[in-house]
Amino acid sequence: MKSLARCYVWWPKIEEDIENHVGLCEPCQQTRHAPPRAPVHPWEVTTKPWSRVHIDFAGPFQGQMFFLLVDSFSKWLEVKRLSSATSSATIKVMREIFATHGIPDSVASDNGSQYTSDEFQNFLSKNGIRHILVAPYHPSSNGQAERVVQTTKNALKRIISGDWNRRLTSFLLTQHITPSAATGFSPAELLMKRRLRTVLDLLHPDLVEDRKRKNEELLDQRLSKGQLRSFSPNDAVYIKNHSSGPTWIPGTVIEKTGSLSYKNVTPDGKSVRCHIDQMRNRKTPLASPQFSPETQENSTIPVSSSTIPSSSNTPIQPSDPPAEIETPKKAPDESHQSRSRRTIIRPSYLKDYVM
Numbered sequence: 001m002k003s004l005a006r007c008y009v010w011w012p013k014i015e016e017d018i019e020n021h022v023g024l025c026e027p028c029q030q031t032r033h034a035p036p037r038a039p040v041h042p043w044e045v046t047t048k049p050w051s052r053v054h055i056d057f058a059g060p061f062q063g064q065m066f067f068l069l070v071d072s073f074s075k076w077l078e079v080k081r082l083s084s085a086t087s088s089a090t091i092k093v094m095r096e097i098f099a100t101h102g103i104p105d106s107v108a109s110d111n112g113s114q115y116t117s118d119e120f121q122n123f124l125s126k127n128g129i130r131h132i133l134v135a136p137y138h139p140s141s142n143g144q145a146e147r148v149v150q151t152t153k154n155a156l157k158r159i160i161s162g163d164w165n166r167r168l169t170s171f172l173l174t175q176h177i178t179p180s181a182a183t184g185f186s187p188a189e190l191l192m193k194r195r196l197r198t199v200l201d202l203l204h205p206d207l208v209e210d211r212k213r214k215n216e217e218l219l220d221q222r223l224s225k226g227q228l229r230s231f232s233p234n235d236a237v238y239i240k241n242h243s244s245g246p247t248w249i250p251g252t253v254i255e256k257t258g259s260l261s262y263k264n265v266t267p268d269g270k271s272v273r274c275h276i277d278q279m280r281n282r283k284t285p286l287a288s289p290q291f292s293p294e295t296q297e298n299s300t301i302p303v304s305s306s307t308i309p310s311s312s313n314t315p316i317q318p319s320d321p322p323a324e325i326e327t328p329k330k331a332p333d334e335s336h337q338s339r340s341r342r343t344i345i346r347p348s349y350l351k352d353y354v355m
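Position one of the sequence shown corresponds to residue 1 (UniProt numbering), numbered consecutively onward.
These aren't lab readings, by the way, just hints derived from the structure by calculation.
As the structure is a computational prediction, the values presented were derived from the model and not from experiment.
For lysine-lysine, the following DSS-like pairs were computed, each having C-alpha atoms within a straight-line distance of at most 30 Å:
1. K126 to K80
2. K80 to K193
3. K283 to K256
4. K92 to K48
5. K13 to K2
6. K283 to K270
7. K256 to K212
8. K283 to K263
9. K80 to K157
10. K193 to K214
11. K153 to K193
12. K212 to K263
Make the full structure from the sequences, and use the hints.
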C-alpha cells in the first residue's frame, strides 16, 4: 500500500500515516495471522519420582475415553479407560493410581471442567496436592502429557479389534521398559530402581544364571555368618500346625528340599514340607544307659553309710572285704622327717563298723 501511494502522492511522514491508518482498521486486525510462537518455556526440573504428574484425557476414541497420567521425572505412563470424563470418574481413577504409587506433590492439567470443579479442587486440597493449571486452549503448555497423548493415540489407532485390555497392557509394558530419549533410562528404572522382566530376557539366559549364582553366593554368606538357621536329617523339630489343635506339633527332619525348606514327618507318619520359619528346634530326653546281665553281676553299686539304719542292739555282721592289691610301701625316710607322728586310735563309737 505504501508503494502504491508513493506512485501518485507524497507528503511528509506519508509512510507513518499509512501505517497508523491500517493499524486502526478493525477488520484488518481481526483477520491478521497469529503472532510468532514464543520460545518454549521448560517446566521446572523435578528431582525425585512422583513429584509432579501431568494428567489429560484422550478421546473419545472408538467410543472410549482414556485418562492419561505421566510422571515428569521418570516418564512413567498410566492409562485408564473410562466411560465418561467427569470429575467423580477422574477422582476415582486417580485414587486407584495413588494407591500404588503414592500421592504426588503437584498435578498439572489443562482448564477442563472436570479439573476446575469444586469436587476436584476439594479432592486435591484434602490430599495436600498443588494444582497447576496451564494456559487455556494452549495444550503445548502441558507438553509432558500432550506428547504422551499423541503417542497413546497413535497406539490406540492400531487397536482395531481384539481384546482392548490385553493390547493396552502390552503397550504400557513396552512404554515402561523402553529407555527414554530425555533421560537415557526406562521409566521403570527411574521409578522402581529396577528393570522389569519380560520375555526378551529369555534371549540372554546367561544373565538369569548369573543372577541365580549371585543369589546363591549371598545365601551362602548368610549361612556362614550364622544369620540363617539350618537343620540336618533326623533332627527333632516342632512344625507349625495350620489346622485345629496345638500350634506346634512334633516332627522329624527327613531331608532338605530347598534353600529354606525341609521335608518332615510327623508321629502319625504324615509327610509335611515346611519353610524354615515354620520350624523350630525340639529338645528330646537323653536315652538312659542299657546294662546287660553280665554287666549288672560284675558291677558294684555303692551304698552310702547314711542309708544303713544303726542299732546298738543289732550289730552288723561284717562281710568279707574284697581282696586288696597290696602295693609296696616306701619306707619312711628318717632323715627327712620334720616332726614326730602321734598314734592314731579309732574312736570307740566306731567299733561296730567295718572301716
